[in-house]
Structures are given as structure tokens and as C-alpha cells.
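Keeping their order, the protein sequence lines are chains A, B, C and D.
Just so we're aligned, residue 1 is where the first sequence starts under the numbering used here, counting upward by one.
Just so we're aligned, residue 1001 is where the second sequence starts under the numbering used here, counting upward by one.
Just so we're aligned, residue 2001 is where the third sequence starts under the numbering used here, counting upward by one.
Just so we're aligned, residue 3001 is where the fourth sequence starts under the numbering used here, counting upward by one.
One or more of the hints may lead you astray.
What the hints assert, rightly or not - Keeping only pairs whose Cα atoms sit at most 35 Å apart, straight-line, the calculated DSBU-like set for lysine-lysine is: (1) Lys-3120/D / Lys-3073/D; (2) Lys-1292/B / Lys-1064/B; (3) Lys-1110/B / Lys-1166/B; (4) Lys-1064/B / Lys-1046/B; (5) Lys-3042/D / Lys-3129/D; (6) Lys-3078/D / Lys-3005/D; (7) Lys-1064/B / Lys-110/A; (8) Lys-2129/C / Lys-387/A; (9) Lys-114/A / Lys-1091/B; (10) Lys-66/A / Lys-166/A; (11) Lys-114/A / Lys-1114/B; (12) Lys-2005/C / Lys-378/A; (13) Lys-3120/D / Lys-1378/B; (14) Lys-3044/D / Lys-1378/B; (15) Lys-110/A / Lys-1114/B; (16) Lys-3129/D / Lys-1378/B; (17) Lys-280/A / Lys-292/A; (18) Lys-110/A / Lys-1387/B; (19) Lys-1218/B / Lys-2005/C; (20) Lys-2129/C / Lys-378/A; (21) Lys-3042/D / Lys-3075/D; (22) Lys-3042/D / Lys-64/A; (23) Lys-218/A / Lys-280/A; (24) Lys-1091/B / Lys-1110/B; (25) Lys-3075/D / Lys-3120/D; (26) Lys-3129/D / Lys-1387/B; (27) Lys-64/A / Lys-1114/B; (28) Lys-3042/D / Lys-3120/D; (29) Lys-2052/C / Lys-2129/C.
If you are wondering where the hints come from, they were derived from the structure by calculation, not from laboratory data.
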Amino acid sequence: MVEQVNFNHSAGVPIDERVLAAMQPYFRTYYGNPGSVHTAGQQSAKAVENARIQVARLIGADAKDKIIFTSGATESNNLALQGFAYRNRRKGNHIILSQVEHLSIINTVKFLNKQGFESTQVPVDEFGLVNTKALEEAITDQTILISIQHANNEVGTVQPLAEIGKIAKSAEIPLHVDAVASAGQIPINVSDHGISLLTLSSNDLYGPKGVGALYLEKGIAVQTIILGGGQEYGIRSGSENVPGIVGMGLAAEIAMRQQPEFASYLTGLRDDLIQGILKKVDEAYLNGHPTKRLPNNANIRFSYIEGEAITLHLSFQGFLVATSSACTSKTLAPSHCLMSMGISEAEAHGALQLTLGRENTQAQIDRFVEVLPPIVEKLRAMSPLSKDVPYELFENEEHEHHH
Amino acid sequence: MVEQVNFNHSAGVPIDERVLAAMQPYFRTYYGNPGSVHTAGQQSAKAVENARIQVARLIGADAKDKIIFTSGATESNNLALQGFAYRNRRKGNHIILSQVEHLSIINTVKFLNKQGFESTQVPVDEFGLVNTKALEEAITDQTILISIQHANNEVGTVQPLAEIGKIAKSAEIPLHVDAVASAGQIPINVSDHGISLLTLSSNDLYGPKGVGALYLEKGIAVQTIILGGGQEYGIRSGSENVPGIVGMGLAAEIAMRQQPEFASYLTGLRDDLIQGILKKVDEAYLNGHPTKRLPNNANIRFSYIEGEAITLHLSFQGFLVATSSACTSKTLAPSHCLMSMGISEAEAHGALQLTLGRENTQAQIDRFVEVLPPIVEKLRAMSPLSKDVPYELFENEEHEHHH
Amino acid sequence: MYSEKVVEHFTNPRNMGEMEDADAVGKVGNPTCGDLIWIYIKVKDDIITDVKFKTFGCAAAIATSSMVTELTKGKTLKEAYQITRNDVADNLQGLPPIKMHCSNLAADGLHKAIEDYLRKTGRTIEDLK
Amino acid sequence: MYSEKVVEHFTNPRNMGEMEDADAVGKVGNPTCGDLIWIYIKVKDDIITDVKFKTFGCAAAIATSSMVTELTKGKTLKEAYQITRNDVADNLQGLPPIKMHCSNLAADGLHKAIEDYLRKTGRTIEDLK
Ligand SMILES: Cc1ncc(COP(=O)(O)O)c(C=O)c1O
Ligand SMILES: Cc1ncc(COP(=O)(O)O)c(C=O)c1O
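Pulled out of the complex, with its shape left as it was, chain A reads as follows (with noise of 0.2 Å):
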């Protein structure tokens, strides 16, 4: 059989190995409750409480602020966006985020807008950056929170915090980020940030899944959202994960230390991908920024032929890649992140959404780049369409309407 080469980390990561070995022995040997007086109980709670300030450290968070752990980002950006919606109804009823948000920021603050919220997802430009000037317009006297990525986990995109932050501070709004595609490959401080909220996922630190974690900055209350025995600060309920959470907070340690190191090797990684893939194929193009970019993503779309395909294709050659295409999606709806980046229907289509990971080596990327091109060649012969034929034409026109 062929290597099996994993370039689909935003979707999964193996746990670091020193993360798996320091959660080893909360499974068995050290399982007590952090919520039990005896000693085995107060050795977890002790263990949590080390987890917590490792994942304080990571975000630059100060002793004052609260680190609530989670089940992972999705609830953790639930708990932001709910928890502080119905929390501070008074103040306001408006929320704006952006339009590249993740589908838990998303289909979260759709909810909400059944519940009486009104929302306004600001736009983003053709290289997926949110635009501030529309942000700052946004704003109204009934904003009460402003949710913004850090970094889009899809087209990699890194979105100028330190502006956005800014124009939150000055409208005296807080400011939610999900840092859940940023955390570890690229440096976040919330309080250079004005950040009063933040999303992190443990398995995108390399920690183990299941769980995740969020930031509030002292002074900031939240609804809480799952109750009973009033664990996590009375905020998130539920008998702590304490393996989960230790190997979070290693993960999360391994992160901060790292991070420059770990940075710098995917980088060049990265380049080569790209610069590779475009060299290699024609009527193939970056989606994303060109440079304002995590180092450990790459988003190539081509032409006249369909992500799946390519996807299935690849995964022959022991490639694990992410396309865009709405074909792969639950809802078979194309990729909201490319749509409001400007990006044709058919265009999104061809996407592959490459992210590396600290495992992956310049030998891999550079079978990649030999693999991907008689793939792209087989699967255009097979296309009704090209330059001369554009998708657009049959658009309307030739398409059948089954639903």
C-alpha cells in the first residue's frame, strides 16, 4: 500500500505524542473527580488547574480572566455567542460576525435571529479579509457583540485583528474570535487584541479531541448553556474530562513554545505546495491571501472540474484532502466562505483545501506536485467544459430543478 499522507489537518490531527503520554495516566490511575474533597479528587482538580493556566498562557490571558474548558470549539463558540446573546439582551439585540465564520458561529447566530437577535455578517473582499470600513458601519446602538475569526480554517485567510480589535474597543463592543485555525500557527494575544472571548479547539493544538475551550475576559458574563453541578465556574456544567483537559493544556503549552519553529517549517512547506501546484497546472488559482496567510494552509481552485473527484483521485495516491465542493458538504450547498469571497459557483467547485501538518515532509509535498497534474488532466478530458465552454452557459439554462 501505498504512504497514506495526511493534508486535511483543519479536519483532524494526531495527537502530539507527549500530549498522549501525559494523559495516560488520568485514565486509569489518576481518575478521581475534581469536584471530590479526597485526595485522588483534588490531584485532578490540581491537574485541571495546571491545564487551565497552559491554555491562559498560549492567548496571553491574565490570572483574572476565565479559561472555561468545553467539549470543543463548536460548543465553545455556542457558549460565546448564546451565552453572552441572552446574558446581556438588555444592552442590545444586534451581533455582527463576518461572512467566512465557521458554521458554528454561523448556523449559531441563525438560531439566535429566531429568538428575537438581529445580525449583519459584514463582508469579506476577493482574498477573504473582512472589511473594517463595512464592520464599523455595522455597528449600531444595539450592538452588543462582534464575533471575527482569526484565520479562516478553509482558505487560510488572517483576518487584521489588531483593527478590527481597535474598532471594537472604540465602539466599546466586545469582541468574540474564534481562534480555532490560528491557535499555535500563528501568534494571538488577546489583550493586544482587545479580545474579551475566544474559541480554541484542543485536537487543532494537536490535543486530543472532544475537547476545547473559552476565553472570557474578567467582566464578561455568559448564560450558561449546559447546567447542573455548576462545574467550570458554575459556567459549563458536566464532570470534567480530565484526561481530555490535561492533554489540552500540554497541547496548548507545546503550542506557545513551538509555535515560531513549527511556523517556519510549514511555511516553506506551504510555498512549495503552492508555488508547485501553480506552476505545474494551468487555470489554477490561490484562493485566499497571498501572503496574510496561516503557514499550514493552502486553497488551490481548478478549472472545469469538481473537488470530489480530485479528492478520490488523490486519496488512490494515499493523499487526504478537503475540497470545497458542495459536492462533499451535507447540505450540497458550495462553500459560503469562497461564495462571499466572489468566487463562481463552478470555480468552488474545484477546490482542494490543503493543511499541513507538523508531521508532513518536503517529500511528501513533492510527490503532491507530481501526482496532482495528470489527475487534473484526466478529470478535464472528462469535462463538457472549458475556456471556450464556460460553466455559465448552462447555468439557468440547461439545469434541471429535481427539489
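Based on the hints, put chains B, C and D with the ligands in the right spot on chain A.
Relative to chain A, chains B, C and D with the ligands alone:
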């Protein structure tokens, strides 16, 4: 150092070795996202579906029913109650629960009360058994859900689910059952007992922490409380915690296969523990039902002394136990469970909650029964209370009010 | 997720490519997920003597295109017109549920091609009865 | 959770037990969490010559009781009356926050015992000034 003995399994359980071994490959080798179309993703998806079947089998669920994986029992209870209430608001606004439910039920219902839902807490008798006549009488034409636990984690009482199920069925009201304490200890079958929703915790099955499940009978709809990418049938979003889910699946399978064996072993230990203590210590009383109780639970109260103090002395002897004493709870309130069984605050103070596990041995039971009496004696010598000086003398009268 | 048969047709699609001298062509697409399928046919004495496809779409779209051409060749127009989406899916050992209505368009393409041919020869489907 | 000092006083409480010939006794309790603390004192020339306690409560309640008796012995009534809850907690190397207001009653018990003694001797706290 003295051998550490855990008699506090209701707070935390060591993962079964086999379960931990089965989880390992999913951390670093099969770490794909079940939502990905490529092979690695599909491996994960298969593992998750296999776990779903293992969990379904434990509770006799049908292939047409749904098992939703969550982050734990607290979330499952919240999803069951909040999710069902919001989704079925049109049908009515009344929820019935028992007085002895876990805080993740009680506090969630209190929260729903603030959203305009009404609720009735059905009382229990001195043994903690739900008053089924009161349950029947509590049903109104506004009642949309009945939530009664299978067994109580604190005092071990097992509810007459068959009877409760019949009442719910004949009133055509869906029944939610919190089976966290009972699953794997005693048999449970959703179709035998007319259960429409059921909560499970992985760790209580000797699976990993940070995972739980909610069973939903075919046709039962709940509103999602954590929104995002639409995982878990669109009911619970968030990237799946694959190692955790795999672990819970195997834990459920083992729990089903070995339940009779474990139950008879634990019942033996439990009875020796209860008999040993009651024989050796005066004015010690069993809390909960003498026969309708979990195989692993002994809850005993000691007059005139306080549980945390007993607990701490026991911990010096290596025994990790819990107490129902208010002194160890975050709210400093006495156990709502013991209170609703008509036990006085003072007596509730002196309650030890002993929950045994598969790894406990007869020798540990024997040593406990040796070690405990002198501790009780020492604390009683220190206490101002006695048969002649009951606590009630001082209530209201001597107490200062500091709050 | 995909059956072996789907993977096989996806990897080695039959009758792929344009047909310069096609007697008729059927072009269909799915606006939801964006697939496009073109089916070219060559007809002699109301028998389909050759068939080719061009497809823009996912593996399921490609495999169903390939399969429908296999099922079609040598059939009469009438027989070919009776090939359904389910026939195509069944011959591929099934399709993932989500793909059943989105990428399973090849039979439609074939039907359109036959309709195109009939139109060109001044007939309707009823005339095939 | 508890400091070494708390554990030490909990394990080996000083001056524990009833005092048959006490000159005064202070009984306090906390209705929230249910602790009861009794402080017995023996007084000579307004100096506390002996002190004992009986306590129903958690480790913190026991340790603070023990500590307050240690801090008290040999002190004048006036000095003893100035011992605060914080003094007790500090001498125990601190208490867990949640225990600070719930089980830290021993100073109150001492104060009550002194008040009891003053009442019995026909005086008030002001008379100690
Ligand atoms: C930017 C961003 N936010 C949130 C999430 C949600 O993370 P999870 O599915 O782990 O809950 C993701 C997942 O990919 C993400 O990329
Ligand atoms: C009966 C019962 N239900 C629910 C829960 C909540 O479980 P968790 O804290 O694991 O979410 C518990 C926890 O002890 C329990 O005993």
C-alpha cells in the same frame, strides 16, 4: 504509603483496560474526521457507527432509534430536557420530574421554568422511591415530558421503571430516563419500559470521561442546543470525539456482556460492607432502599457526626469515599436527595456515600469495616451531639445567621 | 462510502469523451450541487450504436455517466428510454443516499439525448410505442 | 484543599472534649451548612486559664475550634475577645474560600463564651475596656 482504595465510583471510574487499549489507535493513527469523504474519514465514521450500535444494544434500542453522542451525561440531560421542551412547546409547557434527580436535571428544569415552562417535582418515600400515585396525579393536559431516573447515584435506590413507563404510556407522554447510575449495573431495556429518551454516561460504564449519549426513540424530536456543522444527525454539532466514542462503545458492549457477573460480584461486596458497618457501629443507618438498590451502592448515615470529617479520616487510611454532607457541596446545601427522603439536615450531614467498582476486593471491604468504627468513635467523642443532646435542640435557636 | 463498482467506473470510466459525429446529445445539470452531464448518442435504425459522455462532477456523477453508457449501447431507443436512475444506481451496487438525487443524473441525460434525437427526426416519445 | 496545619489540627485536635466545671460556654452554629461549635472556658482574674471545645462539623470546623483554643489559653478576656476569624484562619495557614464563612465559627464561639461569662459576672464587654 497505604493502599489507595476507591469507594467513590459515582464520582469517577478507572477506564477498563480493554477500552483504553481500543481507543489508542484513534489518537494518532486513525484520527480522521468522520465527516471527511476520504478513507481515513470513513474509517472514523465506521468506528463511530459501530459504537452507536454497541450503545444501542446495551439499552435494547432499535436500529430505527437514534443514539446521539454528546460530551457527557450532563449535556445529554440538557439536550433531552431543553431540547425536548423547546421543540414541543406547542404541545404544552409542563414537565414532571422527581425530587431525587441529578442536578443536571433539576437545574435544567429550573432554567426552563424561567423560560415559561412549569414543572412538578414528584415526591419520594423514605427509601427514595418515586410516589407513582403522585406521579399520575401530577399529569396535566399541559404535560409534555416525564423525566425520572432509573436509579439514584447517591443512595442507590432503583425506581419502578416498568410501572412508571406504564403511567407515561397510558397518558401518552414521552418518558426520559437518566440511566447514568444504573447502566451496566442492572439491566435496562428501553422498549420494555416504554422509554422515549435515555441518558448514558461513558465513564460510569468504565469508558472514558467526556463522552455520553442520548437515546431518542424514533419519532422523538428535540431542538438542537449546540449548533454548527450538523454532526450527529444534525442534532449535536461538533467534530466527533472519535477515540472517546470508540471507548464508550466498547465500554457499553462489555457492560452488557458482563453485567450479570459484575452485578453479582458487587452485590456480594456491597452486602458485606453494609452488614459489616451496621453491625459494628451504633446509630448507623442505611439510606435508600434495602433491596431495590444498585449492586454497587451503600449509603450509610452516622448520627452526631459530619461526613466530611469522616471522609478525611478515611482518606488518611487510603479510602476515597464521598459524603452527602452539605460541607462538601459547592452550595453548602444539604443533599436534596436525602432531604426529600425525609432525613433531617443533621442526619444528612453524617451520610457516607460508598460506591464500589469492579476492581474492589473483599479484603478492601474487610479492612474498611475495621477502620471505620474508631473514626466514628473519635468524631463522636468530639461532637456536642448525642442521643440526649439532639441537633434539633439547637436549630433556629443557637444558630447565628451570617449570610 | 462508495461501492467498489462506483470506484471502478470512476477510475476507469467507459465511453468517456466527446463524440464528434453524434446524432444527438442530452445535457443535464443539477443546480443544487452543480454537476453537469452530457450524453452523446449515435443511432442507427432506432438502435443506439454508440454512446459517450462528458461529465463535470463528483465521483458519483462520473460513475453513473459511465454506467449509463454501458447499459445503453446496443439497446433500442425505446429500451434505452426505459433505463431509470435506479437501474443505474443498482448496477453500481448502490449510491450513498445523499448522492442518489444529486449526482444520479446520467439517466436523465440519456433521456434528453433520445428526446433530442426524436425531435431531430420529427418524432415524439409516443411514436416509439 | 486543606493546609497542612488544618490537617494537623484536624487529626490531633487540641483541647478537645467537654469541660465539666466550665465557668462559661459559647454555642454557635451555622444554619447554612449545619456546623455546631461549643467553646467552654475557665476564667480566673479575667484570664482564661482553660478552654475546651466540642464540635460537630467538617474538618475546617474542627481545626478552627482546635486553633482557637490554642490562641486563647492564658489570654485575658479582653485579649481573647479580640481574636478574629481571620486570626484563626491565618494561624491555620488559611482556609479554602468556601470554608471561610461557613466553618470558621470558632472565634464566634469564643466570643459568645466570653459574653456568657461577663453576663454571669454581671458585666458587659464595655466593662473590659
Ligand atoms: C474556525 C473553526 N471554528 C470552529 C470549528 C469547530 O470545531 P469542532 O468541530 O472541533 O467543534 C472549526 C472546525 O473545523 C473551525 O475550523
Ligand atoms: C444520575 C446522574 N445523572 C447525571 C450525572 C451527570 O454526569 P456528568 O457529570 O458525567 O455529566 C451524574 C453524575 O454523577 C449522575 O450521577
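Here is what the structure says about each hint:
no. : hint                    : result
1   : Lys-3120/D / Lys-3073/D : 20 Å, holds
2   : Lys-1292/B / Lys-1064/B : 32 Å, holds
3   : Lys-1110/B / Lys-1166/B : 26 Å, holds
4   : Lys-1064/B / Lys-1046/B : 18 Å, holds
5   : Lys-3042/D / Lys-3129/D : 20 Å, holds
6   : Lys-3078/D / Lys-3005/D : 26 Å, holds
7   : Lys-1064/B / Lys-110/A  : 30 Å, holds
8   : Lys-2129/C / Lys-387/A  : 42 Å, violated
9   : Lys-114/A / Lys-1091/B  : 19 Å, holds
10  : Lys-66/A / Lys-166/A    : 22 Å, holds
11  : Lys-114/A / Lys-1114/B  : 19 Å, holds
12  : Lys-2005/C / Lys-378/A  : 19 Å, holds
13  : Lys-3120/D / Lys-1378/B : 32 Å, holds
14  : Lys-3044/D / Lys-1378/B : 31 Å, holds
15  : Lys-110/A / Lys-1114/B  : 23 Å, holds
16  : Lys-3129/D / Lys-1378/B : 40 Å, violated
17  : Lys-280/A / Lys-292/A   : 24 Å, holds
18  : Lys-110/A / Lys-1387/B  : 63 Å, violated
19  : Lys-1218/B / Lys-2005/C : 33 Å, holds
20  : Lys-2129/C / Lys-378/A  : 40 Å, violated
21  : Lys-3042/D / Lys-3075/D : 11 Å, holds
22  : Lys-3042/D / Lys-64/A   : 47 Å, violated
23  : Lys-218/A / Lys-280/A   : 52 Å, violated
24  : Lys-1091/B / Lys-1110/B : 19 Å, holds
25  : Lys-3075/D / Lys-3120/D : 19 Å, holds
26  : Lys-3129/D / Lys-1387/B : 42 Å, violated
27  : Lys-64/A / Lys-1114/B   : 30 Å, holds
28  : Lys-3042/D / Lys-3120/D : 13 Å, holds
29  : Lys-2052/C / Lys-2129/C : 25 Å, holds
Violated hints for the displayed structure, listed by number in ascending order: 8, 16, 18, 20, 22, 23 and 26.
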